[in-house]
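Colleague: Protein chains in written order, with the numbering used here: chain Z, 86 to 975; chain A, 86 to 975.
Misleading hints may appear alongside valid ones.
[Claimed, not checked] Under 10 Å between C-beta atoms, here's a sample of chain Z residues computed to sit facing chain A:
{"no.": "1", "residue": "Val342"}
{"no.": "2", "residue": "Leu842"}
{"no.": "3", "residue": "Ala846"}
{"no.": "4", "residue": "Asp884"}
{"no.": "5", "residue": "Gly889"}
{"no.": "6", "residue": "Asp902"}
Derived from the structure by calculation, the hints contain no laboratory data. Backbone N, C-alpha and C define an ideal beta-carbon position, used for all residues, glycine too.
2 protein chains.
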Amino acid sequence: MEKMIYSFGGGKAEGNIKMKKKLGGKGAGLAEMTNIGVPVPPGFTISSEVCIHYDKNKSYPEGLEDEIRKSVEKLEEIMGEKFGGAKSPLLLSVRSGAAISMPGMMDTILNLGLNDKIVESLISETNNPRFAYDSYRRLIQMYGDVVMGMEHDNFEGIIQATKERKGVKNDSDLKWSDWKDIGEQSKKIIRDKTNEEFPQDPWKQLMGAISAVFESWDNKRAKEYRRIHSIPDDLGTAVNVQAMVFGNKGENCGTGVAFTRNPATGENVFYGEYLMDAQGEDVVAGIRTPGPISEKQAKESEVDMVTLEKRMPERYKQLEEVRHKLESHLKDMQDLEFTIENNKLWILQTRAGKRTAVAAIKVAVEMQKEGLINKEEALLRVTPDNIDQLLHPMIDPSATVEVIAKGLPASPGAASGKVVFNSDDAILEAESGNSVVLVRRVTSPEDVGGMHISEGILTSRGGMTSHAAVVARGMGKPCIVGCESLSVDYKKKQFTVGGKTVKEGDFITLDGTTGRVILGDVPRIEPKIAGEFEEFMGWADEIRRLGVRANADTYQDAKKARDFGAEGIGLARTEHMFFAEDRIPAMREMILSDTKEEREGALEKILPMQRSDFEGLFRAMDGYPVIIRLLDPPLHEFLPEGEEAIKELATSMGISVDKIHEKIKGLHEINPMLGLRGCRLGILFPEVTEMQSRAIFEAAVEMAKEGVKVIPKVMIPLAGYKGEVVVQKEIIQRVAEEVLSNAGVDIKYQIGTMIELPRAALTAGEIAEEAEFFSYGTNDLTQTTLGFSRDDVGKYIPDYIEKGILTADPFQTLDQDGVGELVEMGLKRGKQTRPDLEVGICGEHGGDPASIEFCHRIGLDYVSCSPFRVPVARLAAAQAVLEEKDRGME
Amino acid sequence: MEKMIYSFGGGKAEGNIKMKKKLGGKGAGLAEMTNIGVPVPPGFTISSEVCIHYDKNKSYPEGLEDEIRKSVEKLEEIMGEKFGGAKSPLLLSVRSGAAISMPGMMDTILNLGLNDKIVESLISETNNPRFAYDSYRRLIQMYGDVVMGMEHDNFEGIIQATKERKGVKNDSDLKWSDWKDIGEQSKKIIRDKTNEEFPQDPWKQLMGAISAVFESWDNKRAKEYRRIHSIPDDLGTAVNVQAMVFGNKGENCGTGVAFTRNPATGENVFYGEYLMDAQGEDVVAGIRTPGPISEKQAKESEVDMVTLEKRMPERYKQLEEVRHKLESHLKDMQDLEFTIENNKLWILQTRAGKRTAVAAIKVAVEMQKEGLINKEEALLRVTPDNIDQLLHPMIDPSATVEVIAKGLPASPGAASGKVVFNSDDAILEAESGNSVVLVRRVTSPEDVGGMHISEGILTSRGGMTSHAAVVARGMGKPCIVGCESLSVDYKKKQFTVGGKTVKEGDFITLDGTTGRVILGDVPRIEPKIAGEFEEFMGWADEIRRLGVRANADTYQDAKKARDFGAEGIGLARTEHMFFAEDRIPAMREMILSDTKEEREGALEKILPMQRSDFEGLFRAMDGYPVIIRLLDPPLHEFLPEGEEAIKELATSMGISVDKIHEKIKGLHEINPMLGLRGCRLGILFPEVTEMQSRAIFEAAVEMAKEGVKVIPKVMIPLAGYKGEVVVQKEIIQRVAEEVLSNAGVDIKYQIGTMIELPRAALTAGEIAEEAEFFSYGTNDLTQTTLGFSRDDVGKYIPDYIEKGILTADPFQTLDQDGVGELVEMGLKRGKQTRPDLEVGICGEHGGDPASIEFCHRIGLDYVSCSPFRVPVARLAAAQAVLEEKDRGME
């Protein structure tokens, strides 16, 4: 190990902001601030490499303790104080700080260096026994908790008992003698429980604290956090040892946190909170209400409290200078912690500030205009996933809510309405003008009508790509799925959860962004899409290579997709159109037909409906390609469930209930996902392919005559064999040529296939002999490659993630090692056969940033996703280019 | 084209037996026979290349007609006759003959050269007007049928009407004038229907006939045959033009067919049938009963008729000489056609004779002993699939049967019994001493008990690898599946088919070898396994590289597998053991448990049962490896279906019906194939893995103490991620070490995984870091790679084969392009990580010869199949080596 410790203080530091890996985010920030002249309490950072060494060997590298002693001596020099000294005692803090921020996940110990003797000299020096004894008991308790393994509750109990004994309510009502007493009791309880003494030797304290921080890297909480956030375990944490400064020494003291800009709106206003005569943790604890930092902030948020700007104008001015210095130096909005000790300003921490999506965009765009960053840097400042927030209403964060359950946040946004339990009730209620929320165990295509009319959808089962989730995202409707604690009773029309029963007609609110199910109607806010949004997305479009298309089945969705910037339709599911109430009878008639002739009769009724659907798509996508997938789902999905509905259908069609039962039985499949669906339908019933092709090309001709530029692409679903494409293509081509030549219109069109089976990817070279484009259906490809039924994975995926077998839900983020290899293999083999083969992706992964990065990297031509994910995809595609550049420069 | 026509006759031929591709099998045989001095009517063969040319261009290559004329002239010279001549007219036959035999699939025309005038000279020369007019009308009718596109029924109608008019019953009762008249009427009907005349010009006849044969290559029947037998379409057929010889000219004439050995038993006895004064087709037509050829044959088959040997001893002697000459020259049992014309013997055809499996083995072994062929050649003389026949009883071929339906022949052999419709009834009937046949729509694991006790199983749905098929083959029980014409009514306990109703208790017989469902009890024969069988299999073992193991779950099956030569168990399914009536309660208790503790209680009851099962397997496989797969199927398979059974279970377990319903609902999956099963179970419920591991190692210890050499291998099912193997391996290892060290016994064991998901094959390199062996579960790998649910494919696979999208059912024969690539990829990647990784296959494909050849070629270590397929696999593995050698020499 080259260098174990990096000092900072007295105007210069050995480290800098670029050394985050070694020094952690906090340590690197402290070093950088020191170097640019920001007042930082001096200290030193023990490198994360020491942690890695410690983690491996459970011992320190040779010479570390010597180095620490030398570093403390340096500190003593700067501060003119002595660690463990009877006079002017130097007190230290020890804090963890990893390269990637893990807030609250690891441990901190303050006030190191105090003991029974030194606390007395602190009193004589500060003349503030309350401060001294409070500081000492804090040390004892933190040390007992973090280093000696005590339960924190023990100490809380002592404080509580003391307050009761004294008959007071608040900590602030306790006297210095009480705090002294609490310190003594704390030492005693440590002795009783651990059989060890709280160490009086400051050096023992310091070394114990450092070890504890290193060990905290491997505690359960930290491991869990890393697992969830995909942070590698062998990164290690740095340890920051720093001279203590106190905001709670009296009148000229205070502490606060501040954002260099408003983190909610992004406005360029200094924004923060402060408390006089307080420690940092008191601001967070929320016992006293902190005041706003600046006058502008106070005015905007209509807070009638004294600002720091008013109370300490000099210190405020100094803080303002620090603000500008940090922003112009670090080129991002910062989140600061500061302390004022006896009228002297200290900055304890700086880091990039967390912000809402609105703020992220505003800050990025304004900083680009201010010349702080360029467009590429601006693009990297916004997390693509967050953009989704900009497109949906949100629950008013100031509202008080009663959360009754939590499920998977399947589709973002907030929705309130009366609870209904089936599509028919949803339609009835909605028609009487009520907002409704549809609650189901799971949804099936039969529910699509009800989903469409509902404000939001809640299911007790299913994962992030269950039917409910996919369809709701497609519709842009808030949706929560897999809310397993719900027990849904269709018969009684109610659900129960945690002892509560919610009946049909009761109001609930869904927060699809977080997965919270809330009782009652909760106020929502419509987020404003700031003017910078469009400009920002324009930059993304300038830089990205990947095309972005939308999955859309209706004119409305297609229009929305265009508004969101989609460059065509990557997937129009022709079956979604059949679930509407005025259409499903013809579809059912088709399915219930016994002969080709009967089927053709029913198809003839469907033809004009399909044609008008397709006209809408072409019209909305004027000048952009429209990929229309032929009928895909198993036929039984179109038939009614439940005796009631079957009876109704039998009556309306004039056939017997038995006949429908028989058909349903005949269509029943054990594994419908792997059954009679996709092009297998079109091959068994060529008349369906024929009708759909006719509808597509007749619509294209009609629109072309109206002057719309149509680019139709017909997609054959679920092919696994070249022969399947041959057989279907023959029909499509024949119909196309017939329709076009009859109309005397020349329209270029293509015929391609979805690649959603491993065999299709493996034999892509052969399939590309026939297919003119590929579109990866990565939902199904994930199901088959992994052997995971997306409808059934809810039972084990959480456990798999918990056990570390999976790092992410493969239906949300593409499994690059398995599915990804097949995607890449199919791409290469396909393009080898047909160099101009267009290859895209239209599964749910098309809207997932990590998966989009992969799609860019392997060289796909475009991604297609639901309209609401289009802006997300545009940004993610741009960032993929920037990341690639970045890697190229490494 | 080098040479279009190859002549033969007069003791020498331009072709030979090796030129099958050009001359077809028939032409090559005729040439070879001519060369070795066998009396063959002279003629010539038009090369199949002409057919290919004709097929492509719909015209002949230049100069063909000239060549034909020259060849006919050569014929005229040899025969001393003239084609189209008024005196000594030469008559010709035209027959197709492709390189691969397509019996009855293509067309033949005899007696070419006759016309209204020449028939008269034939009369004056033979003095036999009946013969002449009969020959002429045969020409007219064949020509009308084959060349002029008439329906054959037209001519049948004329003959029928004539017989009625004359009041006679048999063709032989018609007089010469009747035949003359029939000829005239035939010409007239041709004229009426086609507006063309039957050509009187012999040359026109000849050229028309040749064209018709070439065209017949592309007729529907021939195409269909090629599709079914995977014969390439661009092979083409040769055409044989040959001088006619007649066995029906009178007393010194006759015709017959003969096998050089008995095709049923393989015994070295000249075996055939003949008719005096008859044409070849009369033997086949079966109007007159033909007599046996040899005395030995007559004696053995107890036929009291005059033999050819008695009737024409000289000709018989000559035929015997031909027999020996052909066998010693062609080194295989031959199937001959001969004609004796005016006491002169002619051989019209020779080809390898079709034979039963028994005969195939006897002939091969005896010919090796006779020095005709070596062991390797002998091994190639038996089709592996046929070996299966040797292990099952067959329907007596002489019995008259009433076939009421036909399904897929899922498991060979014949079975008779009373029809039952569920497991309980099967058990009841069987317990009263009756044989039963279980009839179901489909079977589920619940039916295994009933299947076990039944003689045979018949299902109306499912494919060759449906549950019924797989389990029945495993049990070696005759089984027919996918018998779609059956309508099964469980309630009424009957099935209907083609208007017939078969009720519970009625007798049916299944022919699992052909798929025939037969009404009533039909006599069966137990085939004798000749002594040569064992010797023959020994030769296969000497040469094969692939190991052959068995899929067996019980001591009985394992013992049988050893008897059939299995070298270990490749797959023991631990769940099959749980369906027995005395065991399933504990299993159900385990599943219905709400807590880990309850589950462990139930598992404790199961432990001793599992242990004793495993003891049986180790005992049967003394010295050979036993691969035991941990629990694999979805849990709901273990729960009862139907209200009755649920009530019973509730009562017996003392819990509520609702609770069971709730559990069943909770376990219901939309796609169980892709759901909570395989190692996902063991990961969610580690206590199951723990119990099974304990049972395995306790059984191993127990057997080792008894002196059995145990080689346990624990197999983790359905892994897709290395992490899954890690998590399960940890449990297995821990339990193994504990059990072994407690017992103080040292047993080598391995932990491996099934590869049955595309992801597992793709990431095999990683998985092999943990797994010590791989076993490909190609059933599931086929399901996932192709997206075909084996339970649901029945709806489209037949159509796919019909349309040529599939060449074979991928569940029977491995899809080498898709699934095969994954198998090979996983093998390579696995061995790269772990060079000594053992890799085998345990799917149904492990018993399929074509798939075994593939397994050998890519370098798998072994195949594992059901006990009854073990001998098949041993032979197929040997043939794979020989084929490889053969390819190496090409």
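Colleague: Now look at each hint and say whether the structure bears it out.
Modeller: Structure-based check of all given hints:
At its closest, the beta carbon of Val342(Z) sits 41 Å from a beta carbon of chain A; the interface hint therefore is violated under the 10 Å criterion. Here the hint on Leu842(Z) is kept, as its CB sits about 4 Å from the closest CB of chain A, short of 10 Å. Given hint, Ala846(Z) at the interface with chain A, holds; its Cβ is 9 Å from that chain's nearest Cβ, closer than 10 Å. This hint holds: Asp884(Z) has a C-beta 6 Å from the nearest C-beta of chain A, less than the 10 Å allowed.
Interface restraint check: Gly889(Z) against chain A, minimum CB-CB distance 6 Å, threshold 10 Å, status holds. Against a cut-off of 10 Å between C-beta atoms, the interface hint on Asp902(Z) holds, since the closest Cβ of chain A lies about 6 Å away.
Consistency note: the structure conflicts with earlier hint 1 alone.
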